[in-house]
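Chains as they are written, first to last, in our numbering: chain H, 175 to 469; chain V, 624 to 965.
To be clear, the hints were calculated from the coordinates, so they are not data collected in a lab.
Predicted, not measured: the structure shown is a model, and the values here were computed from it.
Certain hints may be false.
What the hints assert, rightly or not - If you only want the chain V side, here are some residues facing chain H, beta carbon under 8 Å, derived:
| hint | residue |
| --- | --- |
| 1 | L756 |
| 2 | S760 |
| 3 | V778 |
All C-beta atoms in this analysis are idealised placements derived from N, C-alpha and C, irrespective of residue type, glycine included.
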Amino acid sequence: MSVLSASSRSPFVGPEPTSSDRARAQARTKRRVLVNGLRVGVAVLVLGLWELGTSQGEAGLIDPFFYGRPSGIASQLWTWIQNGTAQGPLWLQVATTLEEAALGFLIGVGLGIVFGAALGRIRLLADVFAPYIKALNAMPRVVLGSIFIITIGYGIWSKVALAVVLVFFVVFFNAFQGVREVDRVLLNNARILGASERQLTTHVIFPSALSWILASLHTSFGFALVGAVVGEYLGAIHGIGIVIATAQSTFNPNGVFAAMLILALVAVTAEFAMTWLENRLIKWRPNSFTDIQHI
Amino acid sequence: MTATTQILRDYLDRLESELPFGKKEKREILLEAEDHLIEDAQRDEASGMDADEAERRATRRFGEPQALARRFAEERAPAIELRGVTKRFLTPAGTAYTALRDLDLSVHVGEFCAVVGPTGCGKSTTLALISGLEPPSEGEVLLDGEPVTGVSRAVGYVFQVDAVFPWKNVLDNVATGPRLRGVDRAQANRLAQDWIGRVGLTGFERYYPHQLSGGMRKRAALAQTLINEPRILLMDEPFSALDVQTRTLMENELLQLWSATKSSVVFVTHDLEEAIALADRVVVITAGPGTVKGTYRVDLPRPRNVSEIRFHPEFARIYQEIWNDLRDEVLVSYERSKRVVS
Chain H
175 MSVLSASSRS PFVGPEPTSS DRARAQARTK RRVLVNGLRV GVAVLVLGLW ELGTSQGEAG
235 LIDPFFYGRP SGIASQLWTW IQNGTAQGPL WLQVATTLEE AALGFLIGVG LGIVFGAALG
295 RIRLLADVFA PYIKALNAMP RVVLGSIFII TIGYGIWSKV ALAVVLVFFV VFFNAFQGVR
355 EVDRVLLNNA RILGASERQL TTHVIFPSAL SWILASLHTS FGFALVGAVV GEYLGAIHGI
415 GIVIATAQST FNPNGVFAAM LILALVAVTA EFAMTWLENR LIKWRPNSFT DIQHI
Chain V
624 MTATTQILRD YLDRLESELP FGKKEKREIL LEAEDHLIED AQRDEASGMD ADEAERRATR
684 RFGEPQALAR RFAEERAPAI ELRGVTKRFL TPAGTAYTAL RDLDLSVHVG EFCAVVGPTG
744 CGKSTTLALI SGLEPPSEGE VLLDGEPVTG VSRAVGYVFQ VDAVFPWKNV LDNVATGPRL
804 RGVDRAQANR LAQDWIGRVG LTGFERYYPH QLSGGMRKRA ALAQTLINEP RILLMDEPFS
864 ALDVQTRTLM ENELLQLWSA TKSSVVFVTH DLEEAIALAD RVVVITAGPG TVKGTYRVDL
924 PRPRNVSEIR FHPEFARIYQ EIWNDLRDEV LVSYERSKRV VS
């Protein structure tokens, strides 16, 4: 009965690509190769200059005693891999830090979503707690690490607690905002279609807030890592943080840089995992963000 | 003559299909109509007329089934009634803003009522009050004679802006109403599939709203609303964002879908041509605070084709008549907006 009957074929699958389409695709591949080549070039240039500057020892442009040198960092990493660190095998330090960060992340995200959603939905709660939350957020929370080490001890849980505190606020504010910013028209539409208050939460408010919450996860895993490492730095038995602290106290800049490299690898891996999760969870969103990179 | 014969039966069948009521009410009305028809036919027959001719005369006296159904609808309690409704809002500055003042409006069962008025005259507020999303500050809103206390299951609402859920695909969007009302998934999906076909979106079930054009999103919204089979259908400038061609197509489809359901419609628009082409009655609202300036009956034949009905001589006459009223209000509203800018 419809006048404009749509065909069952996908409207996005066009005819065969034309020669100009193919030329454009080729140009795009070429460009990608160029970009990647330049990226590698930048790394080689920076590391090369660094290595060159430190090659004359104390007399050179850069003093390797203070700034380390790339070859030194590599050999330090190799030593750690082969012989382990002062705190034991390297994998144990990485695993400890990862465990602390992951636990802190999960607990912090969970609490952040629950409290953010509750305060976003219940006006009275939000009005009562707003000044306290603002005050807590304004405080440099890293100092809480000392309290946690005193009360919880040297084990992993004091680091987890610090990570939780750091992650919580990021997720909390995003969840709160996400719940508050739900489109009123969508809420009204759901009400008209027959949604109860509980169904409003599951069908409209949560999916709508999800994109806000997921956006906060990117930054908050970074915060979890900061919490874990700073916690270890303040006092721990195992972990990358204590490896850095030891390297610092023995005037070993290569050790500090090597530990940083490991942290960077962990953070980048987590970032990839988060992007993958985000794409899985909100596949309804227009993917213009990723498209822009290729233009 | 005791039994109803073919001519009367045909007439009653046509009447039945035109009546905008539920089963029980329909049967009552049909029984009453049948009594009258038989009585008339018997009187004619008694005066020495051929039986068939007597029946023919009786049905002629009753008038067209369509017009008769309309008379029945008008005699019953209106589907929607607003009595002396005033709506005030509190502005962020702390002052009260009156959107509607002392508004009276009633819509008969099965009637298509268009509401026109200048921008900012409280047309959308009227719909919010009828739907139960907002309570009136003063006055009463009644649906089928009962005061409105919240969102009624009988109401469907097509919003001006896109209101389909961006995180649900077309199938899930259309199935939302039945799902929220407790229908199981398989049954809801079957219903949704049927409605997707009726609005011409077959093949797009798995698409998300951002992958569809504005017109397709509107079709999805229409299916999402109509799947609940609302007896009262509220539409807030539903086609204002569409291009002219798509709009005409959608208007025709709306009329087709509506004629199959016979729901009572309040269609808000600022486009007088659209209002006349679609509606049985046009209500003109004054520049804010809104109140009814006049109501006009549109006696154009149905079924209508929106793109052709505009050339009907009666159309031009009605347009002229309503525009005389509407023009003053539009001017008032325009003068005000100029003052705000300067």
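Hint by hint, here is what the structure shows:
Taking 8 Å as the C-beta cut-off, the interface hint given for L756 of chain V holds, the closest approach to chain H being about 6 Å. The closest approach between the C-beta of S760 of chain V and any C-beta of chain H is roughly 19 Å, which is over the 8 Å cut-off, so the hint fails. Among the interface hints, the one on V778 of chain V holds; its C-beta lies about 6 Å from the nearest C-beta in chain H, closer than the 8 Å criterion.
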